[in-house]
Structure formats: C-alpha cells, structure tokens
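2 protein chains.
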Amino acid sequence: MVDIATRVWNHKWKIDPIVRSLIDTDFYKLLMCQSVFRNHPDTQVTFSLINRTKTIRLAELVDEGELREQLDHIRSLRLTRGESTWLRGNTFYGKRQMFTSAFMEWFENLQLPPYHLEKKDGQYELTFEGTWPEVMLWEIPALAVIMELRSRAVLRDLGKFELQVLYARAMTKLWEKVDQLKPIPDLRVADFGTRRRHSYLWQDWCVQAMMEGLGNNFTGTSNCRIAMMREIEAIGTNAHELPMVYAALADSDTALRQSPYDVLADWQEEHDGNLRIILPDTFGTKGFLQGAPDWLAGWTGIRVDSGDPATGAETAINWWKSRGEDPRDKLVIFSDGLDVDKIAQLHKQFAGRVRVSFGWGTMLTNDFKGLVANDGLAPFSLVCKAVAANGRPTVKLSDNPNKAMGPADEIVRYKRVFGVGEQEKLEVVV
Amino acid sequence: MVDIATRVWNHKWKIDPIVRSLIDTDFYKLLMCQSVFRNHPDTQVTFSLINRTKTIRLAELVDEGELREQLDHIRSLRLTRGESTWLRGNTFYGKRQMFTSAFMEWFENLQLPPYHLEKKDGQYELTFEGTWPEVMLWEIPALAVIMELRSRAVLRDLGKFELQVLYARAMTKLWEKVDQLKPIPDLRVADFGTRRRHSYLWQDWCVQAMMEGLGNNFTGTSNCRIAMMREIEAIGTNAHELPMVYAALADSDTALRQSPYDVLADWQEEHDGNLRIILPDTFGTKGFLQGAPDWLAGWTGIRVDSGDPATGAETAINWWKSRGEDPRDKLVIFSDGLDVDKIAQLHKQFAGRVRVSFGWGTMLTNDFKGLVANDGLAPFSLVCKAVAANGRPTVKLSDNPNKAMGPADEIVRYKRVFGVGEQEKLEVVV
Numbered sequence: 001m002v003d004i005a006t007r008v009w010n011h012k013w014k015i016d017p018i019v020r021s022l023i024d025t026d027f028y029k030l031l032m033c034q035s036v037f038r039n040h041p042d043t044q045v046t047f048s049l050i051n052r053t054k055t056i057r058l059a060e061l062v063d064e065g066e067l068r069e070q071l072d073h074i075r076s077l078r079l080t081r082g083e084s085t086w087l088r089g090n091t092f093y094g095k096r097q098m099f100t101s102a103f104m105e106w107f108e109n110l111q112l113p114p115y116h117l118e119k120k121d122g123q124y125e126l127t128f129e130g131t132w133p134e135v136m137l138w139e140i141p142a143l144a145v146i147m148e149l150r151s152r153a154v155l156r157d158l159g160k161f162e163l164q165v166l167y168a169r170a171m172t173k174l175w176e177k178v179d180q181l182k183p184i185p186d187l188r189v190a191d192f193g194t195r196r197r198h199s200y201l202w203q204d205w206c207v208q209a210m211m212e213g214l215g216n217n218f219t220g221t222s223n224c225r226i227a228m229m230r231e232i233e234a235i236g237t238n239a240h241e242l243p244m245v246y247a248a249l250a251d252s253d254t255a256l257r258q259s260p261y262d263v264l265a266d267w268q269e270e271h272d273g274n275l276r277i278i279l280p281d282t283f284g285t286k287g288f289l290q291g292a293p294d295w296l297a298g299w300t301g302i303r304v305d306s307g308d309p310a311t312g313a314e315t316a317i318n319w320w321k322s323r324g325e326d327p328r329d330k331l332v333i334f335s336d337g338l339d340v341d342k343i344a345q346l347h348k349q350f351a352g353r354v355r356v357s358f359g360w361g362t363m364l365t366n367d368f369k370g371l372v373a374n375d376g377l378a379p380f381s382l383v384c385k386a387v388a389a390n391g392r393p394t395v396k397l398s399d400n401p402n403k404a405m406g407p408a409d410e411i412v413r414y415k416r417v418f419g420v421g422e423q424e425k426l427e428v429v430v
Numbered sequence: 431m432v433d434i435a436t437r438v439w440n441h442k443w444k445i446d447p448i449v450r451s452l453i454d455t456d457f458y459k460l461l462m463c464q465s466v467f468r469n470h471p472d473t474q475v476t477f478s479l480i481n482r483t484k485t486i487r488l489a490e491l492v493d494e495g496e497l498r499e500q501l502d503h504i505r506s507l508r509l510t511r512g513e514s515t516w517l518r519g520n521t522f523y524g525k526r527q528m529f530t531s532a533f534m535e536w537f538e539n540l541q542l543p544p545y546h547l548e549k550k551d552g553q554y555e556l557t558f559e560g561t562w563p564e565v566m567l568w569e570i571p572a573l574a575v576i577m578e579l580r581s582r583a584v585l586r587d588l589g590k591f592e593l594q595v596l597y598a599r600a601m602t603k604l605w606e607k608v609d610q611l612k613p614i615p616d617l618r619v620a621d622f623g624t625r626r627r628h629s630y631l632w633q634d635w636c637v638q639a640m641m642e643g644l645g646n647n648f649t650g651t652s653n654c655r656i657a658m659m660r661e662i663e664a665i666g667t668n669a670h671e672l673p674m675v676y677a678a679l680a681d682s683d684t685a686l687r688q689s690p691y692d693v694l695a696d697w698q699e700e701h702d703g704n705l706r707i708i709l710p711d712t713f714g715t716k717g718f719l720q721g722a723p724d725w726l727a728g729w730t731g732i733r734v735d736s737g738d739p740a741t742g743a744e745t746a747i748n749w750w751k752s753r754g755e756d757p758r759d760k761l762v763i764f765s766d767g768l769d770v771d772k773i774a775q776l777h778k779q780f781a782g783r784v785r786v787s788f789g790w791g792t793m794l795t796n797d798f799k800g801l802v803a804n805d806g807l808a809p810f811s812l813v814c815k816a817v818a819a820n821g822r823p824t825v826k827l828s829d830n831p832n833k834a835m836g837p838a839d840e841i842v843r844y845k846r847v848f849g850v851g852e853q854e855k856l857e858v859v860v
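Taken in order, these protein sequences are the chains called A and B. Going by our numbering, the first sequence opens with residue 1, and the numbers climb by one from there. Going by our numbering, the second sequence opens with residue 431, and the numbers climb by one from there.
If you are wondering where the hints come from, they were derived from the structure by calculation, not from laboratory data. Everything numeric in this text was worked out from a predicted model, so none of it was measured. Watch out, some of these pointers could steer you wrong.
Unchecked claim - Each computed PhoX-like pair below joins lysine-lysine, with the alpha-carbon atoms no more than 20 Å apart:
| # | chain 1 | residue 1 | chain 2 | residue 2 |
| --- | --- | --- | --- | --- |
| 1 | B | K590 | A | K173 |
| 2 | A | K160 | B | K603 |
| 3 | A | K160 | B | K612 |
| 4 | A | K173 | B | K603 |
| 5 | A | K182 | B | K590 |
| 6 | B | K799 | A | K173 |
Could you build all of it, start to finish, from the sequences and the hints given here?
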C-alpha cells in the first residue's frame with residue numbers, strides 16, 4: 001500500500017537537513033556559552049572556518065548554493081519547547097538545573113547571527129562575526145554542514161546498490177571496532193564525533209552501535225540532540241576557545257600569562273566534580289602546569305588533546321605527584337586522534353595509575369577510509385576557530401606546532417610569554 | 431507521518447511468507463516438469479526430504495506449527511495471471527513459447543499435492559506422494575521453507591541492532607566476493623542458490639548485487655520469480671531426478687543400463703542449443719560417457735555436479751576428443767560446491783580449452799558462515815529427492831560416494847550394471 005500523502009509530503013519537504021536543531025551541537029559549547037554569557041556577553045569575536053587539509057578543495061566539491069541553503073536553514077532554527085524542557089529538566093553530570101534561567105531565556109530567543117561566505121583558492125572562506133555567546137554556537141553546525149555536504153557530494157555519484165554496500169561496509173567496520181573495545185575492562189569511552197561526522201544519521205547510528213555493543217562502558221555523547229533522543233548522557237567540559245579569547249583580551253604580557261588561569265577561575269565558580277577538567281595545552285602543557293596555582297591541582301582531571309598522548313598523561317601524573325596529589329584519584333581524558341588501537345594501548349598503559357577516559361571523535365563517526373574510489377570519503381582536518389576577539393587576533397600554540405594558529409609575530413610573543421621551547425611536530429590527520 | 435492503514439494491514443497480514451509464488455522455484459524444475467508431463471504424466475513418485483547434516487537437529491530448531499503453516503501456504507498458491515503471462519510470453523534461452531499450451535493449462539490449474547510430516551530422531555520426515563509432475567514441484571519450495579525457517583529460528587534471538595550488523599556483514603562479505611569475480615575476463619556465472627538460500631529476500635538481494643557488480647558476466651538466476659521481477663534470464667536445464675526415476679522404472683538390467691540415455695533422447699526431442707546439456711554423473715560419469723551413443727557427443731555441453739570438478743571436466747574433454755568433437759566448442763557447467771576461489775581456479779584452468787560456465791549456489795545465497803554465535807547460520811546439506819517411482823526405490827551413485835543414495839542392495843546392483851568401480855570419497859559441505 002502506498003501512502004500517497006507521505007509520498008507527496010516527501011516530494012516537497014527536505015527530509016534531512018544537515019543540522020536539524022540548535023542542540024545538534026556539542027554539550028561543551030552550551031556549557032562554555034553559559035560561562036561566556038555570564039562573564040563576557042559583549043565581547044566581539046570572529047570565528048572562521050579553516051581546512052587544514054588543503055588537498056581537499058572544498059569549493060570545487062561542495063556547491064555554494066547548497067551550502068548557503070544549509071546555513072540559512074540553521075539560521076531559521078530556534079530552540080524548541082521540547083529541547084528547552086530537556087535542557088532545563090535533565091541532569092547533566094549528575095546535577096539538575098545546570099543551565100540558569102537567565103541563560104535559558106536568552107537561548108530560547110536566539111537566532112544564530114549572519115555568516116559571511118566567499119570562495120578563495122578552491123576553498124570556502126566562511127566567517128561569523130558578532131557577540132561571543134552567539135557566534136560561538138556556529139562552530140559545530142558549520143563544521144557538520146561542510147563535512148556532510150562533502151559526503152553528499154561524493155555519494156551523489158553512487159548507485160543505489162553501491163550506497164547500500166558502502167553503508168554495510170561502514171557498519172561492519174564500526175562493529176568490528178566495537179568488538180575490539182568490548183573486552184577492555186572498565187573502559188570509559190564517549191562519542192566526541194559531532195564536528196567531523198560523516199552525517200547526522202550516521203553519527204546517530206554509531207551512537208546506537210556503541211550503546212548496544214558497550215553498554216555502560218559507553219559513557220555518552222557530546223551531541224546534545226542525540227543524547228536527548230537516545231536518553232543517554234551528554235558529555236563535555238570546555239575547549240581552547242576560552243583561553244584563546246581570554247588571552248587575546250589581555251592587555252599586557254603579565255595579563256596574558258595569567259589569562260588561562262582566569263578561565264579556570266571563572267569555570268570553578270560554576271562547576272565542580274567531573275566538570276573540573278583542565279585543558280592545559282592551548283599555550284603548551286608544560287609551562288601551563290609549572291605556572292599553575294595550587295587550587296588547580298585539586299581539580300578532577302586533565303584532557304590531553306594534542307602532542308603525544310602518553311607523554312601528556314605522564315606529564316600530568318608527574319605534576320599531580322609534585323603537588324602532593326594522588327594520580328589514582330585523577331581523571332585523564334584522551335581526546336585527540338583516537339582510534340581503537342590507540343584507545344586499547346593508552347588504556348593498558350594508564351589504567352590503574354589514573355582514572356582513564358576517552359573522547360572518541362572522527363574515527364568513530366567518520367571512518368569511511370578506503371570505502372570509495374580515490375578515498376573520496378576519508379575524513380579530513382577541518383576546524384572552525386575564534387580568530388579574533390575585540391579586534392585582536394587569537395593564538396593557539398598547542399603541544400603540536402602543526403596545530404598552532406595565529407599571526408606569526410603573535411606566536412613568537414606567546415611562545416616567549418608562556419616559555420614554550422622546542423616542540424615535536426606530529427602529523428595532524430583528523 | 432504514520433500511515434495507519436498500512437500499519438494495521440501489517441498487523442494482520444503475514445508480510446513475508448517464505449515461498450510467495452509457485453514460480454519461486456528453479457527454472458529447470460519447470461522444464462523437467464513439462465518433459466515429465468508429456469512423457470510420464472501418470473508415474474507415481476515419492477519425494478522425501480533428507481538432511482545430510484545430522485548434527486543440525488531440525489525438529490528441535492524449527493517449530494512444527496510454523497512449518498505446517500508455511501507448507502499449507504504453499505498449497506494455497508496458484509499460478510497468477512502475471513506469472514502465466516510471463517511463462518507464456520517470455521523468451522527462455524532465446525526461444526519463445528518454451529512451454530506448450532497443454533502444459534500451461536495444466537500448470538494454471540495446479541495445486542501442489544498434500545504433504546506428510548512427522549518428527550523422528552530430532553529430524554523432520556517430510557514426504558510428498560502423487561503423480562510425478564505434481565510432486566516434483568514440491569522439491570524447491572520444501573527446501574526453501576526448511577532453510578528459511580531454520581534461519582528465522584536462529585535470528586529470533588538477535589536484537590534489532592545485531593540483526594542490522596549481521597546483514598551489513600553478510601552484504602560486505604558477498605560484495606567482496608563480487609569484487610573478486612569482477613576481474614575474471616569473460617566470466618559466465620549464474621545464481622543456482624534457490625534451494626539452500628538463507629531467505630527469499632536475501633537471495634533477491636544477492637541477485638541484485640551480482641547484476642550490478644558483474645553486469646553481463648552474470649548470466650541470470652535459476653529462480654523464475656526473481657528472473658521475472660528483475661527482468662533477467664531464467665537459467666537451468668535438467669537434474670538427476672530424470673535418470674533416477676527412469677532407472678527405477680526400468681524392468682531389466684538392460685533397460686536400466688539404457689535408461690539414462692532414454693532421458694536424453696526424450697530431452698532432445700524438445701530442446702536444442704544451450705539446453706542440450708548432459709548431466710552425466712547420476713550413475714558414474716566415466717561409464718556413462720563410455721557407453722554414450724554418438725548423437726550425445728553432438729550435444730552442447732556437460733554439467734559437472736559431483737566428484738572433483740577439474741577431473742570431471744578433463745574427463746569430458748577427453749571424451750569429446752575421442753568422439754571427434756572440438757572441446758573449444760563445448761560448454762562445461764560447474765555447479766557443485768562452488769565459491770569464488772574455486773570459480774577463479776576452474777576458470778583459469780579451463781577457459782579457452784572449453785566454454786566455461788558456473789552455477790553458483792549455496793555459497794552465493796547462504797554464506798552466513800561465522801556471522802553468528804556457534805555458527806548457527808552456517809549453510810548445511812539438505813536435499814529433497816525422488817526416493818521411489820511406481821513403488822520401486824530410486825538410486826543415485828554420483829561421482830562421490832558420500833552423495834550416493836538408495837537401498838544398499840540396489841546400489842550394489844546399479845554399480846554392477848553401470849560398471850562403477852572404486853570412487854573417491856569427497857566431503858559434502860553444502
């Protein structure tokens with residue numbers, strides 16, 4: 001029986017917009033947004049899309065009209081009643097009313113600000129300008145749109161049947177990864193793959209695979225909408241944009257040196273427990289930890305997001321010991337360039353010595369490597385970053401110079417201020 | 431939008447009966463049926479289900495009520511108008527009106543005869559008795575029902591998600607086989623997998639995969655319904671049941687020795703070209719070819735269905751040479767226990783020396799080996815054979831004593847009459 005009404009509805013309606021909700025974003029964006037809304041509501045920022053994989057000429061792959069259509073659709077989204085209810089009523093990290101009424105009222109009335117788009121050298125220049133709390137919420141949807149439009153562009157040439165086999169292969173591949181993770185005792189792994197996912201539907205499938213395959217060892221997803229729909233934990237704490245913008249706003253070298261700690265002082269006022277996670281690598285982990293105030297050593301854990309992860313974890317362990325803390329009580333969250341082998345290896349190396357947790361991103365939600373001709377669906381390295389705050393450029397050093405960003409002279413200044421010496425260059429794949 | 435009418439319809443209706451049409455059967459059954467209808471319409475036969483894989487205790491796996499329901503459903507089927515139109519109007523092996531009006535009128539009024547079912551030693555005894563043209567059409571649906579009920583019994587315990595991954599894996603596995611077959615030049619391969627398929631829907635998927643993956647190198651399917659629905663060639667010639675029943679009807683050793691040639695004399699009256707295919711192994715290939723009349727050497731080809739296939743093909747080549755025929759004009763159809771490696775190897779060995787063709791069965795439509803716990807979906811060896819004709823037992827020797835069947839004393843007699851000496855025992859997997 002053909003349901004004519006549904007078929008006609010399907011003709012006229014875009015069944016799958018890439019971003020279908022304002023909470024189809026990472027949980028930590030909302031946490032940070034609330035913090036920014038409270039502490040820096042009027043700071044003017046510019047966010048900009050940066051494709052680190054220059055060989056992928058996005059402007060040749062992705063149609064500009066389609067891109068604008070998707071971005072315009074995102075600007076038409078408003079927080080729905082059900083989404084607002086979920087944010088207000090749900091427990092996050094065991095706590096109710098994580099989001100204040102003031103923030104929720106603002107969010108309920110939010111429309112994302114305009115975007116600026118042009119083509120340059122085979123790439124898209126996509127920038128967002130406005131107040132920090134508004135602009136920052138563009139990051140994840142902008143990345144998701146570009147990633148999925150690129151997937152769709154490649155998939156357009158495939159036959160119906162080739163598509164079916166493609167997804168069969170991708171499912172098999174992911175399930176084999178799940179099978180590899182199953183035997184790891186007390187594994188704690190979350191989905192961090194929203195920003196570089198193959199597609200929304202695929203991320204949602206991956207989350208379900210993790211739920212069924214790993215049970216409680218799958219701790220949740222960074223994606224709020226999927227967390228809501230699947231009734232699981234929303235996961236995330238804070239990101240580089242906080243210290244990057246705080247640093248750009250600093251008026252002197254002394255203020256600059258102090259700025260990453262200011263971020264965490266503000267954070268500490270709002271959050272406790274598993275939300276007190278240090279992200280130490282924005283301007284080099286080593287200097288950050290050496291100069292850290294003692295109250296930071298009392299925080300719950302550290303997220304290792306660049307550089308060699310084992311080295312990062314050892315550095316954290318030594319730092320805690322030097323501050324009289326027992327590392328076995330501390331949480332280390334690995335979130336950079338993970339895949340199953342690395343997860344298994346890091347778990348083996350650190351389980352028991354610290355509490356270990358993993359934020360698994362691109363290789364969870366976008367491992368289509370080797371599945372189509374010319375590897376046209378292989379993930380690539382796309383970011384959307386704060387590049388300026390109140391007219392000043394931002395800088396990121398990271399523990400891997402290949403991930404550094406900002407004007408060259410500012411990088412030199414930051415390196416001097418934060419005492420960063422020689423760094424090991426590591427390939428950035430995703 | 432929920433289409434309530436469709437949902438309610440789905441509640442009350444069996445959406446997927448295992449056999450959904452009287453032409454959900456192998457094409458050669460219809461060809462043979464027409465021959466039998468013309469030459470032996472009143473011969474009384476008994477067909478019986480034989481599970482060669484005793485370790486699979488079907489009566490414990492498959493519910494008797496469900497089995498009866500499926501068999502009763504098959505008895506409720508009649509040739510539909512569209513099916514009749516297809517059989518009457520289609521070209522088969524390049525020929526129109528393959529089926530006579532007399533046969534079609536009989537078929538249009540056919541209801542399959544009653545079945546007899548009981549449990550014994552953990553197995554089902556399933557037998558069919560009546561006139562040969564009617565009873566013979568039970569073979570394929572009976573096998574398909576048992577195979578798929580066993581699949582369904584195993585699948586019943588799987589979660590929704592495990593099911594999805596299972597089929598993703600099976601699809602991946604098949605597509606990798608298709609990829610292996612793609613580079614073989616001038617490959618000719620057909621689907622012969624109806625009788626031991628995992629399920630109807632799966633066989634249909636496999637056929638589509640072969641169509642898309644191999645193009646014209648996929649020559650068609652033995653399954654008439656799928657051939658009709660997918661608008662491809664229906665493939666098949668004749669089977670052991672003809673010489674087995676003809677032999678059982680023979681009144682003397684002399685008549686017995688002659689009976690396999692009588693079968694082909696009858697066949698030759700009706701068919702030419704690629705339908706003139708000798709199946710020489712029923713009572714031993716070697717003796718059959720030695721004693722064959724000269725007109726048989728003029729036939730188009732030989733189907734190798736038991737024993738070592740390379741040996742069988744070499745025997746055929748030597749026989750053709752000894753009868754002054756050029757083997758390069760002849761067709762060798764391999765149809766026993768094939769999978770991609772063996773197909774590639776046999777193709778390499780014989781392409782150019784003869785015209786090579788493959789009838790790929792169980793490992794095309796039922797390769798679920800290793801995909802569920804305890805290998806519960808691995809294919810097994812189930813047959814449904816003519817066991818008696820006009821009250822006399824049938825015998826099959828084959829080129830592999832593990833495939834022989836019939837009463838021991840009759841086997842001794844047949845071996846003597848057909849001059850069969852020592853035979854190599856080969857494992858029968860599927």
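Right, here's what the structure says about each hint:
1. The suggested pairing of K590 (chain B) with K173 (chain A) holds, with an alpha-carbon distance near 18 Å, which does not exceed 20 Å.
2. Restraint check for K160 (chain A) and K603 (chain B): satisfied, since their Cα atoms lie roughly 18 Å apart, inside the 20 Å limit.
3. For the hint linking K160 (chain A) to K612 (chain B), the alpha-carbon distance of about 19 Å falls within 20 Å, and the restraint holds.
4. Note on K173 (chain A) and K603 (chain B): the hinted pairing holds, with a Cα-Cα distance of about 12 Å set against a maximum of 20 Å.
5. Under the criterion of a C-alpha separation no larger than 20 Å, the hint pairing K182 (chain A) with K590 (chain B) is consistent with the structure, at around 19 Å.
6. Note on K799 (chain B) and K173 (chain A): the hinted pairing holds, with a Cα-Cα distance of about 18 Å set against a maximum of 20 Å.
The structure is consistent with each of the numbered hints, conforming to all of them.
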